[in-house]
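Protein chains in written order, with numbering that gives the first Met the number 0: chain A, 0 to 319; chain L, 0 to 319.
Don't take each hint at face value.
One copy or two, either will do: identical chains are not told apart, so a pair holds if it fits within one copy or between any two.
Dumping the calculated DSS-like pairs for lysine-lysine here, alpha-carbon to alpha-carbon at most 25 Å [said to hold, decoys possible]:
id, residue 1, residue 2
1, K251, K148
2, K74, K115
3, K251, K235
4, K2, K74
Keep in mind the hints are simulated off the structure, nothing from the lab.
Number of protein chains: 2
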Amino acid sequence: MLKKVKEAVRRYRLIEPGEKIVVGVSGGPDSVALLYCLYALSRQLRLNLHVAHLDHGLRRGSVADARFVQALAVKLNLPFSSARARISRRGSIEEAARQARLDFFFRVAKKIKAKKIALGHNLDDQAETVLMRVLRGSGLLGLSSILPKREILGFTVIRPLLEVRRKDIEAYLKRKKIRPRRDISNSWDIYLRNKIRNRLLPLLEKDYNPGIRQALKNLAESAACDYAYLLAVARKSKAQLGRRISLKKLSKLPPALQRLVFRLNIAALKGNTRRLSLQHIREIEDLVARRPVGSIVDLPQGVSALKRKKTLVFFRKKAQ
Amino acid sequence: MLKKVKEAVRRYRLIEPGEKIVVGVSGGPDSVALLYCLYALSRQLRLNLHVAHLDHGLRRGSVADARFVQALAVKLNLPFSSARARISRRGSIEEAARQARLDFFFRVAKKIKAKKIALGHNLDDQAETVLMRVLRGSGLLGLSSILPKREILGFTVIRPLLEVRRKDIEAYLKRKKIRPRRDISNSWDIYLRNKIRNRLLPLLEKDYNPGIRQALKNLAESAACDYAYLLAVARKSKAQLGRRISLKKLSKLPPALQRLVFRLNIAALKGNTRRLSLQHIREIEDLVARRPVGSIVDLPQGVSALKRKKTLVFFRKKAQ
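Please build the complete structure, drawing on both the sequences and the hints.
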């Protein structure tokens, strides 16, 4: 397994020698294996590892998980940071927990002046996530979800285990006699994910394409590559258009960019566009193209779009 | 069903009043229903329909199909063109047949001075195709396959039945007492497609997402929207770079555009990039980034890429 990790590190240029890296460790098999792998590489690459753990407090046993990770850090003689999060139970808990974890890792990275955060997702996670998003209906953005390397808010999130199968991680842990915590799930839509993991992916692998995981991986990677470019162009367009979007200038953009400009404007008001569907985007397109001046389209999470005489404006309603 | 067709015609602006349209009719349920629908609209929209049928000669009974379509055209008092194709049995027969059909429809359109070609794909076809491509491993290009409206070589290919379920087409034919030819398949990878149609899609619909077909449709549409823009930009980049691609200028393009420039150059030599996989694209990227001057990457169908001192050149080997 270490060989695959090294290969991924080289191919995607995940790590430079001498770097400081925050390693997000839940205590489950993936993140524990990740920590051991990076530890094994740390002398050769002169790495400066820092273990970080967020206790979501959403589950019994979460305190024991935190103690387990702390003991691991002590054993490897690595610095350790942890915190307890308060997760709102409104909306998607999985999403909120994911966001709280990332926020905490960013805080730790900022504090210790690290630029990189390593997370333990594996090849199976990626295949499951991509397939889940295809099944739920997703555009480019959703498909380009889990990547080996991604810039977020000035930090670089890396996933060195992304080329490794789950079973290889288990074999590695067994061989090294490492016993991670079990039944740790960061996934609250575990029901759907388990069905995909235990039933759908094996079925597709057997009856449709033995290389299905690689195929889904390629799809995610192509989508990410294309999306990165589209997003960069759309950001420029958004900045040029400003908050009062000239309908004339908007109409000169190709539809793909118009859609992304809508998304970016909504994200600027709400922080994310997770509940925004293609149906909503089409409504905005219809507003722009056909509806009379003064028409309003209501979007998720209290955001609305208003068509003025010469402009399109996104705004937040005061009372939700 | 006619209502859904009218809605699609309006939403995607498929047809302008008074237009001349070549209708591709295989004789199977979809294309026969399409012909009847367009015929029903033809007075209101003053359409000028022309029936076209290509006999691939790949199957017993294909002559009878041709006669059936001709009789249909006579019955509706519409002009009719047909031809027999000689399909090479090398490579993908389905692909060759599809191409031969389109070529023939374009020839007919040119001859009668039509700009539009109507084809009979339905909502189920689209869902099956998108899913097939996800399973096989595909990028944006593959996902944006079947669209309601698409410009090809100066013609517009429209698919007015793309919002209609297969079962609704069958119900329409039954109600109208129209009996199409059966067992007509333009699909030679019928084994995989049938498995997807009869087993996988019903399973996904039942256990994973009742709206799976709509989800796949949305995915295809988003991908097409994004791909159209990327392709337009990449075409400009390709023209600017010319045949001897400056490595320096290439390196300044974002990866998504570099990849498309590779594809476009290969397509310019071979007419298509259908056998080109992400693996090949990655090899070219590796050639550009790391391999010594003089290195060559061999690509499918006799095309190669050569790294020179300051340029990257694609060429066709003489002997295959």
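Within a copy, between copies, both or neither: where do K2 and K74 come within 25 Å Cα-Cα?
within (24 Å within a copy, 70 Å between copies)
When no copy is specified for K251 and K235, does a C-alpha distance of 25 Å or less occur within a copy, between copies, both, or neither?
both (14 Å within a copy, 17 Å between copies)
Regarding K251 and K148, is the shortest C-alpha distance of 25 Å or less found within a copy, between copies, in both, or in neither?
between (34 Å within a copy, 20 Å between copies)
Please sort K74 with K115 into within, between, both or neither, judging by C-alpha distance up to 25 Å.
within (23 Å within a copy, 72 Å between copies)
Checked against the numbered hints given earlier, this structure breaks none of them.
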